[in-house]
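Asks: Each chain, written out:
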Amino acid sequence: MNYKKTKNKLEVVLSTDFNLNAVRQIQKLLKDREHLYIDTSNSRFINSEAIIFMHRYMDEGNKLEIKNPPRIFYIALHILGLHEVWDLKTIITP
Amino acid sequence: MEARLHLDMHMGMIGSATDFTFKWCVNMGMDKQEAARMTLALDEILTNIYLFGYREKSGEAEVIFVYHASEIEIIVREYGEPFHFRQYKYSKSAAFSDGNFQGAGLELLHNLTDHFIYLNRGKDGKEFRLVKTLQREHISDIIARRSDHTEDTIDTETDYLVTPVTTSDAEDIAKLIYKSYNYTYNKEEMYFPKLQETALQQGYKFGTIVRTSQGGPVGYFAVIRNTDSLVGEIGEAVVAPEHRKRGLMKRMINELIDMSKERGLLGLYGFALTVHIVSQIVNQKFNFKNTAILLSNLYGASFKGFDEHYPQPVSVIADFLPLYSRRTNSVYLPGSYEPILKEIYSQFEASPAINKLPENIEKPFEETELKLNISYSGNTATIVCYQYGKTFENSCASILKSLSGLKLNAIYIDLPLDHPWIDNAVNWISGQGFIFSGLMPLIHSEKDFFRMQKIQTTLDFNLIHTKPEMAAKLKNIVSKEYHELQENKE
Chain A
354 MNYKKTKNKL EVVLSTDFNL NAVRQIQKLL KDREHLYIDT SNSRFINSEA IIFMHRYMDE
414 GNKLEIKNPP RIFYIALHIL GLHEVWDLKT IITP
Chain B
12 MEARLHLDMH MGMIGSATDF TFKWCVNMGM DKQEAARMTL ALDEILTNIY LFGYREKSGE
72 AEVIFVYHAS EIEIIVREYG EPFHFRQYKY SKSAAFSDGN FQGAGLELLH NLTDHFIYLN
132 RGKDGKEFRL VKTLQREHIS DIIARRSDHT EDTIDTETDY LVTPVTTSDA EDIAKLIYKS
192 YNYTYNKEEM YFPKLQETAL QQGYKFGTIV RTSQGGPVGY FAVIRNTDSL VGEIGEAVVA
252 PEHRKRGLMK RMINELIDMS KERGLLGLYG FALTVHIVSQ IVNQKFNFKN TAILLSNLYG
312 ASFKGFDEHY PQPVSVIADF LPLYSRRTNS VYLPGSYEPI LKEIYSQFEA SPAINKLPEN
372 IEKPFEETEL KLNISYSGNT ATIVCYQYGK TFENSCASIL KSLSGLKLNA IYIDLPLDHP
432 WIDNAVNWIS GQGFIFSGLM PLIHSEKDFF RMQKIQTTLD FNLIHTKPEM AAKLKNIVSK
492 EYHELQENKE
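Note that the protein sequences, when read in sequence, are chains A and B.
Letter by letter, the first sequence follows residues 354 to 447 in the numbering used here.
Letter by letter, the second sequence follows residues 12 to 501 in the numbering used here.
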């Protein structure tokens, strides 16, 4: 996992799937930064732990951006009903 | 065909296991999107085991990858804290209002797989089973897409060439099945050429194809290899209607017997339907002998010649053709079924020596070794006991209890005949509502097993048709035991 930190923003490029291990590593780096950018171009899936982590992060009023999520991410969001509450237009970046 | 991973359950290991899973699923014929779904499902299970089963401490899990002709099954076994997963029901409103995501992983699991089964096997641990059907293009769509009208021409030539099947024959085989049976062939996977291709590529089966000198396919016959023993099953056979009664079936089966011997197989099974007697007569003609009757074995299939839906799960006769000339092992027979088992053995030229049961019999092993196979399409389960150990009764009871929620049509149990404890095992299993099924020669680990069955559907035995004398005898025994059991229940 590659990352870049500034005072308020953490940018992460995941080298593989967005799973529990990745969540724990991001949590360690994130601290109280209010802006998280995650590039998931190399991820085959984003699991429920990662989705819950991102949901809570946004719920606390922070800004989240996800680059190039795998197709299955949208299926998972739909199964959990989160497509109704996530503002995907602002979260997903090309 | 199985692959196994033994995992030390720590967080970093989950990624390694999912990497393997994705590649395995792709290699077994899934496209990348399907493989990602299955991989995410496994990740959810392993993450749950790590977080809740082992509370982020050390533990072990075993992941077993099983390839079936039309589906992929992943079995996860672990021994962590009891986990009452049915209590964790995901609630959208709880997630939105309170941030309570309990059960989210399990909600994904249910939706990402075609079957998700949880079995609590007591002291023998917990088992999760994920099943995904392989999605492929149906042969009728392929034919329609190509508008290949030349396919409709009937090739009535009588000069035939019999050759081993290769992956390039997959589409021709599917076409042959479709044209000969329309939608009534009882093995759904035969209509999907890509599934055929993968099965042949992976060595799951081998077969022979008959073509005319013009190259048109007119016959196909295959053996599906048993992954547990050196035996196979003649499971797929077709001859185009206009080429029947020309000895093609005989030529193909002789070819298959030679191919089976070359591959070191010790015997062939044929499972004949009892909806009608045709397949029983065919098997008998090729010297297969009846060894068992499996009640309620096939489910929801339609059969050629039956316009109406057959009103109960279909029972089958297990027929066996030995490919060996002598047996060097010996068996013990359970006292209550000794006469019929001796009669079944007497049909074969070479049989194992039959030992006398000693007076006092102890369980021979500390550990009981059981394996559970579930047929999702047949809605049945088979418990295989490889080894009688001290926990035999408890382990069997745990499996039976865990299966009680699945509403299966039938549960079969295979008991090895290589130890005199078979007598005690049969007595105990009978007490659990199981009845006779028969002998399954060399079915697991190249050993003979005694099969019993627990039927969980109502059966009308008048609809179970048997032709050969031995098949009728087996039917009489199971019918008597089945009705006695029903009366006792009432």
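For the record, the hints were derived by calculation from the structure and aren't laboratory data.
Heads up, some of the hints might be wrong.
Stated by the list, open to error - Straight-line distance between alpha carbons at most 20 Å, and here's what the computed SDA-like set of lysine to any residue pairs gives:
#	chain 1	residue 1	chain 2	residue 2
1	B	LYS103	A	LEU435
2	A	LYS381	B	GLY23
3	B	LYS43	A	SER368
4	B	LYS216	B	THR144
5	A	LYS381	B	LYS34
6	B	LYS43	A	ILE425
7	B	LYS34	A	ILE425
8	B	LYS100	A	GLY434
9	B	LYS100	A	MET354
10	B	LYS68	A	TRP439
Asks: It remains to establish, for every hint, whether it holds in the given structure.
Replies: The hints, checked one at a time:
A distance of roughly 8 Å separates the Cα atoms of B:LYS103 and A:LEU435; the hinted pair therefore holds under the 20 Å criterion. Between A:LYS381 and B:GLY23 the CA atoms are separated by roughly 16 Å; this keeps the pair inside 20 Å, and the hint holds. A threshold of 20 Å between alpha carbons decides the hint, and for B:LYS43 with A:SER368 the separation of about 18 Å falls inside it, so the pair holds. As the CA atoms of B:LYS216 and B:THR144 are separated by approximately 19 Å, the hinted pair is consistent with the 20 Å bound.
Under the criterion of a C-alpha separation no larger than 20 Å, the hint pairing A:LYS381 with B:LYS34 is inconsistent with the structure, at around 30 Å. At roughly 11 Å between alpha-carbon atoms, B:LYS43 and A:ILE425 fall within 20 Å of each other, so this suggested pair holds. Between B:LYS34 and A:ILE425, the direct Cα distance comes to roughly 17 Å. Compliance with the 20 Å bound is thereby established for this hinted pair. In summary, the hint linking B:LYS100 to A:GLY434 is supported, as the alpha carbons are separated by about 14 Å, within the 20 Å threshold.
At most 20 Å may separate the alpha-carbon atoms for a hinted pair to count; B:LYS100 and A:MET354 exceed this at roughly 33 Å. With a C-alpha separation of about 34 Å, the suggested pairing of B:LYS68 with A:TRP439 is violated against the 20 Å cut-off.
The structure fails to meet hints 5, 9 and 10 from the earlier list, while all remaining hints are met.
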